[in-house]
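2 protein chains.
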Amino acid sequence: MNTKAYKIKPGKKFKLSQFETSDKALINGDKNNAQVELEALRVRLEALQELLYAEGKHKLLIVLQAMDTAGKDSTIRMVFDGVNPQGVKVASFKAPTAEELAHDFLWRVHAKTPAKGEIVIFNRSHYEDVLITRVNGWIDADTCKARYQQINDFERFLAENGTTILKLYLHISKDEQKERLLERRDTPRKQWKFNPSDLASRAQWGDYMQAYTDAISATSTEHAPWYIVPANSKLQRNLVISNVICDALENLKMDYPKAVEGLEKIMVK
Amino acid sequence: MNTKAYKIKPGKKFKLSQFETSDKALINGDKNNAQVELEALRVRLEALQELLYAEGKHKLLIVLQAMDTAGKDSTIRMVFDGVNPQGVKVASFKAPTAEELAHDFLWRVHAKTPAKGEIVIFNRSHYEDVLITRVNGWIDADTCKARYQQINDFERFLAENGTTILKLYLHISKDEQKERLLERRDTPRKQWKFNPSDLASRAQWGDYMQAYTDAISATSTEHAPWYIVPANSKLQRNLVISNVICDALENLKMDYPKAVEGLEKIMVK
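Protein sequence lines correspond, in order, to chains C and L.
If you're matching positions, the first sequence starts at 1 in the working numbering and goes up one per residue.
If you're matching positions, the second sequence starts at 1 in the working numbering and goes up one per residue.
Bound-form chain C, shown alone (with noise of 0.2 Å):
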């Protein structure tokens, strides 16, 4: 499937508000036909998990972002959905601690990054810090711009020590948002969700989209692009990301190792 169209090429101009968050182009008008082919790529990433796991080589970084209620945590349940738990991990970066902030910004998240044969999710991640910390003035302009720059050396770092990097911001209009937050304040089990927190950087939408814009730009590369979501639709966002994960490891051209020398001969008594 071709989802070239969701990934943000390096140096072009980029506007996150000329992106649909509505789009639903994989659904293609057939629901029915949609989820089938979920299915088949959830058997398919699953397949892969298990090459990437066995051959031991290569190492998956998955970085989600988005606004409160784009469904981070429901793409993790969704899309990893039958995947062997052992070869995946999630990382998830809330405030950072007392000790996190006494060490770089990089610290924290280097500490978490996938080991060969791993597969990672960051939920949120090191991009925070050019984020809520930019949007609420916490760091100013030549800081988050120097960030940039270190964000992606990083990132290349890891990309030259065999880290494939997948970055996903998971794309919503703010009246889905209020859709969903009214949904979690009325819904008795999903009323432990509701932070009122979540109001106030809500209340800075416009800033945050700007905040992206520039983040985006300034960090989409050759090696850990930026991938634009659209994620009104859960089935959209389940298949483009399902598409571009399983896209990025077969381009990997695993293959099982071999089997030890002379395996056939040896006895099991």
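Rather than coming from a laboratory, the hints here were simulated on the basis of the structure.
Take the hints with a grain of salt, since some may be wrong.
The list makes no distinction among identical chains, and a pair is therefore deemed to hold if it is satisfied within one copy or across any two copies.
Below, a list of computed lysine to aspartate or glutamate pairs in the EDC-like style, where the Cα atoms sit at most 16 Å apart [said to hold, decoys possible]:
no.: 1; residue 1: Lys269; residue 2: Asp68
no.: 2; residue 1: Lys89; residue 2: Glu118
no.: 3; residue 1: Lys265; residue 2: Asp186
no.: 4; residue 1: Lys193; residue 2: Glu50
no.: 5; residue 1: Lys145; residue 2: Glu128
no.: 6; residue 1: Lys193; residue 2: Asp255
no.: 7; residue 1: Lys190; residue 2: Glu55
no.: 8; residue 1: Lys269; residue 2: Glu183
With chain C held as given, fit chain L onto it using these hints.
Leaving out everything else, chain L in the frame of chain C:
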């Protein structure tokens, strides 16, 4: 479902060899029905895990120990199929690194214990430090006995601090292991898993059964019981484990967190 038959009572005389490896009691002669039941358990586990995560109060630690090929990896893949990878972590303990060896034997294990709301599965564990070490004579009987006590103290500490601990020994026969090793040797996609060094521990089968008997007798406690899981049949194995885990989680009497005060009046603009 009654899984008490598989639980080792503290202080009771126990011999591993008296437990059946090919028991299929939970299948009860009807494989199709057993599959349906397993699927129902999977759905139940998924809901319980979400509740554990939402409540964010309890911690669940599952210790898996077994001889090679007994199904530790496959248990993780099959029992936790579909459970949100965000709330389930797997920690695999292999031969210790130089840094790990320079610390006490519980150091690397403690670092991986679950946080509130998490399930952590130990694929091998601190028990290797009273098993492989004892069978090969790297530690003497006194050191081993001291370690049983240290393990009990450590696990009681974890339990006192909100951790539910389930320890599962996957019990296969020596004949069953032979069949599985031969299958690995002769199936192209499984050959990478065949490790000739597994044959060394197979040759020490009797010593291992004794070491497991000793360790389990000394460390099956009220706060951290051992279960002997018949594992010649994968279906029986998965049924026993799924039941043990679901029952333990249900015993926690969890509930979704209360919504914040005045939630219904919060406006989303």
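Hint numbers contradicted by this structure:
none
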